[in-house]
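Asker: Protein chains in written order, with the numbering used here: chain A, 1 to 417; chain B, 1 to 417.
Fair warning: there could be bad hints in the mix.
If chains are identical, the list can't say which one is meant, so a pair holds when it fits in one copy or spans any two.
[Said to hold, decoys possible] List of simulated lysine to aspartate or glutamate pairs, EDC-like, C-alpha gap at most 20 Å:
id : residue 1 : residue 2
1  : 262       : 11
2  : 28        : 11
3  : 159       : 197
4  : 252       : 193
5  : 159       : 400
6  : 262       : 396
7  : 51        : 61
8  : 185       : 233
9  : 346       : 193
10 : 112       : 197
11 : 346       : 244
12 : 369       : 334
13 : 112       : 193
14 : 220       : 396
15 : 220       : 237
16 : 100       : 400
17 : 100       : 198
Honestly, the hints are just simulated from the structure, not real lab data.
Please read these numbers as outputs of a predicted model, since none were measured by experiment.
So you can see what is in the structure, the chains are spelled out below.
Protein chains: 2
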Amino acid sequence: MNAEILCVGTELLHGDIVNTNAQYISKKLAEIAIDVHYQTVVGDNPDRIKKCFGIGFSRADIVICTGGLGPTQDDITKEALAEYFNIEMVYDENSFQHVKEMYSRFRKDFPKNNIRQAYFPEGSIILDNPNGTANACIYNGEDSKGNIKIGILLPGPPKEMGPLVDNEVVPYLKQFSDQVVYGEKLVVVNIGESAAEEMILDIIEKQTNPTIAPYASAGKVIFRITAKAESKEKCIEMIQPVKEELINRFGKSNAYVTETGKVEDKTAELLMEKNITIAVAESCTGGLVASRLIGYPGISKVFREGFITYSNEAKMHTLQVNRETLEKFGAVSEETAKEMAYGAAKIAGTDIGVSTTGVAGPGGGTEEKPVGLVYVCVYYKDKFNVLKIQATGSREIVRERASTSVLDLIRSSIENN
Amino acid sequence: MNAEILCVGTELLHGDIVNTNAQYISKKLAEIAIDVHYQTVVGDNPDRIKKCFGIGFSRADIVICTGGLGPTQDDITKEALAEYFNIEMVYDENSFQHVKEMYSRFRKDFPKNNIRQAYFPEGSIILDNPNGTANACIYNGEDSKGNIKIGILLPGPPKEMGPLVDNEVVPYLKQFSDQVVYGEKLVVVNIGESAAEEMILDIIEKQTNPTIAPYASAGKVIFRITAKAESKEKCIEMIQPVKEELINRFGKSNAYVTETGKVEDKTAELLMEKNITIAVAESCTGGLVASRLIGYPGISKVFREGFITYSNEAKMHTLQVNRETLEKFGAVSEETAKEMAYGAAKIAGTDIGVSTTGVAGPGGGTEEKPVGLVYVCVYYKDKFNVLKIQATGSREIVRERASTSVLDLIRSSIENN
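Kindly produce the complete structure, drawing on both the sequences and the hints.
Answerer: Structure (structure tokens):
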């Protein structure tokens, strides 16, 4: 069985929001080995929505649709599904009571339009939506050639859609799949995407299960190793030798595995495992390094303190960076980065001190120190590891890139010590 | 003219990444009044990619495709476009030199596969890609019925795609549009989404140009007011009275306008406009508040310093929070939040001191102080404004929500002073 995801919402077509629903559902289907071949986004336009159901069912067994279950005349995904299967819409008393009850929580009068939310294609399995007015539904039917076709209609708001996918849709669809898919992410640093791919091209090409797929991300390359088997345990067993082979190729200091593919998670894990305490001094990244580390649950065990010393004054009085260093080399320099990292470790009394200082842009660049120039430093066991980075892109990208580099530099400083 | 966006990438179908490219391009097209009717995602599968071009051109004038410009055999969007228009692929020497030069930056040998990146559909306008090996292209042709059809092929990595859209694609497509669309975002705080919508339902319903569209976001509601006219100035003029009417309904302290819809941007603007200096002390948000503020260009004028005092020790020695306060009320308390905000302002010598302290989870909650409980405080002109928040959701959501609340509390503390 394979699926298409159809997201209805004009705000997606305007670029007002990013399509997290498609990602969420795709991920959940991948875990139960149901392939997604297409994702489509269409606006709140009845004609186009109907055409999308036609195209969807012509190329997929399952069409999962989000949005369009509201009370207005534009909300027509249920009608479109009924039309496709040539069935009637029928009234569901339970859903009516549900809509009424949800409305009564925040308003007095019940808009009569909302009775539309109690009608469903005849023969549907109706899914209670505890987080919103619109109940969802699954319809299992046949197309004109007698092939099984499943239509699943979900509400658009992610906080309503998510629990319905987890609690209703995935358990329902599992019956159509006797396999699971499980993947791990190999993070490769210090090597560009093309070069990394080249280094393992022969392995990628001979692999069919697990598969190895590269994708680039700011400051790192990720290879997703994905196995399909009857159980997660079997998948892990299949991934193990492939993983080892790849790590051998890239070298242990350039490649490691995490479930999330996040550099900060590997670093946080390592710090916690070895009980190495850390303090962070940030200038241009302004809290991003700390914030990414602190995203890891339980990090409070080793993360002691962060200093966001944006001004020279703050660098001096909080981190005890020497005035002479700032005057002679400037705030954006290897020397200042070192004194910041050292200061952070000494003041917080930690094993590791980390620093970033650079020109995030868009203003503030000079010929000698252009926008995107960042020094990052890790001070650990009386040694300084400094990286000079010349990032290109927006303020956001420069900050992201610099924080990724220093988070990985923490890891390699520990591992290579 | 209307457009379809076609994003090629198996990692999108696996749910490994979210489709930010589609959002980015949709937004840029909306600004020049080119409607996007569909977004499609397809994997690295030559057959399906070709079918998508067929469907795309059958329902749109312009198909903008991202991804599939790499050097491998799976990268076939240029071939698919050439096949659709029934034209040849031709070699472009400039692009070859470009690929070669980009490669030489990080490796010695030039993989012979990469010559594929120098071939383009004959008659294409070739777009130089300063941020990657793959040049992009625009082909302006006709379908079999003689209708103008434009195919635009862009690289997949956002940092390559973005500048090409801004510098090449938008200027090119502007010739097909004599209108602009301009929108402003009204941020509404302290009022829930349904309640806010209800308050202005009559206004929403009677508006056609500008339109008013709501969308919810963590800790706030945003209404996008969008006008279409012959110039941006005219749009601004049309938006003005609608904006005023909405702000009147919600009350000035609950609603304000920003171009981005970001709470931090409004706060940063206000701080810079009034030259109010700020220091931030964060516990559970761990750098997120500082990081969001520092995302605003030029903020260094007023942002002095941030302290990420995760441990009690750090709260005491860095922010001079009293040991007795921590022992009597705990780290997660109104009293500690106040002393943190006060300490930050005093130590950094700023006008405003800001703090957050809470239980971000998933661990660390107790019956008295459950996961999601956060106190945030703003100290300004000898007054403390404290908010107690009980957020629900993941560690990430709790931190996001708390940082949004305190960023808005800074704004209201200044405005209401």
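Asker: Each of the hints needs a verdict: does it hold here or not?
Answerer: Hints, one by one, checked against the model:
Taking CA atoms no more than 20 Å apart as the test, residue 262 paired with residue 11 passes between copies only; the shortest distance there is 16 Å, against 29 Å inside one copy. Only between protomers do residue 28 and residue 11 lie at most 20 Å apart by alpha-carbon distance; the minimum there is 13 Å, versus 24 Å within a single protomer. With identical chains, the CA atoms of residue 159 and residue 197 are at most 20 Å apart between copies only, with a shortest distance of 18 Å across copies and 36 Å within one. In the homo-oligomer, the alpha carbons of residue 252 and residue 193 lie at most 20 Å apart inside one protomer (17 Å), although the nearest pairing across protomers, at 50 Å, exceeds that limit.
Taking the closest pair of Cα atoms, residue 159 and residue 400 come within 20 Å of each other only across two copies (12 Å); inside a single copy the shortest separation is 25 Å, beyond that limit. For a Cα distance limit of 20 Å, the shortest separation of residue 262 from residue 396 qualifies both inside one copy, at 17 Å, and across copies, at 14 Å. Taking the closest pair of Cα atoms, residue 51 and residue 61 come within 20 Å of each other both inside a single copy (16 Å) and across two copies (18 Å). Taking identical chains as interchangeable, the C-alpha atoms of residue 185 and residue 233 lie at most 20 Å apart only when both belong to the same chain, with a minimum of 16 Å there against 49 Å between chains.
For a Cα distance limit of 20 Å, the shortest separation of residue 346 from residue 193 qualifies neither inside one copy, at 38 Å, nor across copies, at 48 Å. Taking CA atoms no more than 20 Å apart as the test, residue 112 paired with residue 197 passes between copies only; the shortest distance there is 14 Å, against 59 Å inside one copy. In the homo-oligomer, the alpha carbons of residue 346 and residue 244 never lie at most 20 Å apart, since the shortest distance is 38 Å inside one protomer and 53 Å across protomers. When the C-alpha separation of residue 369 and residue 334 is checked against a cutoff of 20 Å, the pair qualifies only within one copy, where the shortest distance is 12 Å, while the shortest distance between copies is 44 Å.
For the identical chains of this complex, residue 112 and residue 193 are inter-copy neighbours only, at 16 Å across copies versus 56 Å inside a copy, given an alpha-carbon limit of 20 Å. In this assembly of identical chains, the alpha carbons of residue 220 and residue 396 lie at most 20 Å apart only when taken from the same copy (16 Å versus 23 Å across copies). Proximity of residue 220 and residue 237 under a CA criterion of 20 Å is satisfied in neither setting, with 26 Å inside one chain copy and 46 Å between copies. Taking CA atoms no more than 20 Å apart as the test, residue 100 paired with residue 400 passes in neither setting, with 44 Å inside one copy and 28 Å between copies.
In this assembly of identical chains, residue 100 and residue 198 lie within 20 Å of each other by CA distance solely across copies; the values are 16 Å between and 59 Å within a copy.
Violated hints, listed in ascending order, are 9, 11, 15, 16; each of the other numbered hints is respected by the structure.
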